[in-house]
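Undergrad: Read off the chains here:
Protein chains: 2
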Amino acid sequence: MPQTTEINRRIVLKQRPNGLPDENTLGLEEVELVQPADGEILLRTVYLSLDPYMRGRMNDTKSYAEPVKIGGVMTGQVVAEVMSSNHANYSAGDYVLCGSGWQDYFVTDGTGVVRNLGKTPENPSWSLGIMGMPGYTAYAGLLKIGEPKAGETVVVAAASGPVGATVGQIAKIKGCRVVGIAGGSDKCAHVVDNLGFDECIDHRSDSFAEQLSAACPDGIDVYYENVGGKVLYAVLPLLNAFARMPVCGVVSWYNLSGLPEGPDFGPAIMGTILRMKVKVQGFIIYDSFPESTYQEFIGDMKTWLASGRVKYKEQIVNGLENAPAALNDLLTGCNFGKIVVKVG
Amino acid sequence: MPQTTEINRRIVLKQRPNGLPDENTLGLEEVELVQPADGEILLRTVYLSLDPYMRGRMNDTKSYAEPVKIGGVMTGQVVAEVMSSNHANYSAGDYVLCGSGWQDYFVTDGTGVVRNLGKTPENPSWSLGIMGMPGYTAYAGLLKIGEPKAGETVVVAAASGPVGATVGQIAKIKGCRVVGIAGGSDKCAHVVDNLGFDECIDHRSDSFAEQLSAACPDGIDVYYENVGGKVLYAVLPLLNAFARMPVCGVVSWYNLSGLPEGPDFGPAIMGTILRMKVKVQGFIIYDSFPESTYQEFIGDMKTWLASGRVKYKEQIVNGLENAPAALNDLLTGCNFGKIVVKVG
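Chains as they are written, first to last, in the numbering used here: chain A, 1 to 344; chain B, 1 to 344.
Check each hint, because a few of them may be wrong.
Pairs involving identical chains hold if they fit within one copy or between any two copies, as the list cannot separate such chains.
Think about it this way: if two alpha-carbon atoms lie no more than 27 Å apart in a straight line, the pair counts; the simulated DSSO-like pairs of lysine-lysine are [said to hold, decoys possible]: (1) Lys277 <-> Lys311; (2) Lys172 <-> Lys279; (3) Lys277 <-> Lys69; (4) Lys230 <-> Lys144; (5) Lys311 <-> Lys342; (6) Lys119 <-> Lys172; (7) Lys144 <-> Lys119; (8) Lys149 <-> Lys277; (9) Lys144 <-> Lys14; (10) Lys279 <-> Lys149.
Calculated directly from the structure, the hints in this document are not laboratory data.
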């Protein structure tokens, strides 16, 4: 059933998943549409962003954000249109960026609205990608923690995803040798041919570690960490002295329900950090950088997109009801570029 | 056989150890004493420092320093006396700090000499400890990477050792709650009663992790890492948002001959770094900080020692021939304070 003007469809967390989410994890509910009171606006979701962090919110563990409650609407950023407004700052037809989650409609007094995009944003869905959270995550993590210098080698996994693709293209702009890692020859070809990375290694290959080593003849100076797992373990022996590792995600581990079998790579991780004087720093884009960094990002990224130095690939999924399957595609690496759900 | 004036005794690496060094690892050789040529000096070792990093130098792995060669003299810092000098910068009777290793005598043109301590240094062996490498390691790692703020909780293991004891005492001076970790009730009592830590937990206790958690009711803001292993794994769930972890050593893992059995704590380490936005940074005291940091250290530490705000405990082992056994004591946590070998 598509978006209507009478009913609010919403996807809620029915049960915390053990491993990859399954048919018992999320459920679609229909509730009556509420009209906005005085001082409130009614938002209609146009695009919903899907991102790896969503898996973490399904867990009941201490993290940087509250877990989604059982029965609660799944967290997510959306681009929405203001349908009717009783609020001085918004008028019908405005597009806004909002954290209202996996649902058709949202009534708010402005709480949750991140930004008013105006009535005619050029690429409204880009606010969920290259000009939004994933783009800013790539920019700030790479430049402020990774601090790449011209001539250094930068390695990034999930290289065809919205963060990885942006990290690599920015590193190329900064004069680095850039080696991507992706799953499958199609993605690898895209990363080299369209995004301009120097090389891209298929992590599904049996000789992945050897190929990565061969692609980094001068070692690795910056490893932008977004996957963890065997990619991280292949990177460790290649890190140079004073290497930097911004930690943006460990998506290959998000579905773990406990610690995996050994051997224990703890000594390899910590021993490498010690011997090679590596800096490893986790960050969350919302609270790890000052506002000035965000302003730099917006300015630089607009320039790079306009000049074609940064290219951006979106994959549009139609229908809110298809969001759960698309999230699993994302968590298992079956997507290609930034996934956005066209809700209405 | 003690130090004589005719023979140079030296301890060499016979074979790389697999695990803890044993009787096949190191051997004592006697060679003829060489006299200094023009431009050279003859040094007689008075004190030899024993430090955990020495185990790493026995391995043939990529690290921050060259491994000791098979048949080569074991690396180590010493305080030595100039016996005779054909060099303009030194005269007989000067004490020097020198990296000449595990031997009675050393002839040099000045190469390897770190500092001239003059003819009457107040506590010559302290240049190997509180006023030298271990003291500086504690100071710079804690203050420049750990950046402790008043009211925060700082945790340090090997709390009765020369680095850990200094870290904790400096953290107390900076107004932090300080929790030490040590092996055995004697060490723990010393750390609290004599060094002024708020608490000290015995890592040999079955309820170690629970006791550590209870001792850190507000979580951990700075974990000064020098041991790795189960201490690190007990610390991880207690780390606060934006915690800092200077990595100075992982001594509990130095004798590993391969990765230990599972489970794999890699996901726990990296997941914590991500979620809690932790900064983990390895450092080597010789090349990770500017000269200005060293000057700050010398000034602050002299003041603190003179006022009694920092206390320092040495354990003197007599005789070069007893150094191998004393190093093993150090690697297995059987020492108590800074170990210095009185060679002559």
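Undergrad: Now tell me, hint by hint, if it's right for this structure.
TA: Verification of the hints:
For a Cα distance limit of 27 Å, the shortest separation of Lys277 from Lys311 qualifies neither inside one copy, at 34 Å, nor across copies, at 29 Å. Taking identical chains as interchangeable, the C-alpha atoms of Lys172 and Lys279 lie at most 27 Å apart whether they share a chain (22 Å) or sit on different chains (26 Å). For a Cα distance limit of 27 Å, the shortest separation of Lys277 from Lys69 across copies, 23 Å, qualifies, whereas the shortest one inside one copy, 41 Å, does not. For the homomeric pair Lys230 and Lys144, the shortest alpha-carbon distance inside one copy (26 Å) is at most 27 Å, but the shortest distance between copies (32 Å) is not.
Proximity of Lys311 and Lys342 under a CA criterion of 27 Å is satisfied intra-copy only: 21 Å inside one chain copy versus 66 Å between copies. In this assembly of identical chains, the alpha carbons of Lys119 and Lys172 never lie at most 27 Å apart, being 35 Å within a copy and 57 Å across copies at closest. Taking CA atoms no more than 27 Å apart as the test, Lys144 paired with Lys119 passes in neither setting, with 33 Å inside one copy and 49 Å between copies. Within a single copy, Lys149 and Lys277 get their C-alpha atoms as close as 17 Å, and across copies as close as 23 Å, so both meet the 27 Å cut-off.
In this homomeric assembly, Lys144 and Lys14 never come within 27 Å of each other (Cα to Cα): the closest approach is 39 Å inside a single copy and 47 Å across copies. In this homomeric assembly, Lys279 and Lys149 come within 27 Å of each other (Cα to Cα) both inside a single copy, at 15 Å, and across copies, at 21 Å.
In this structure, the earlier hints numbered 1, 6, 7 and 9 are contradicted, and the remaining ones agree with it.
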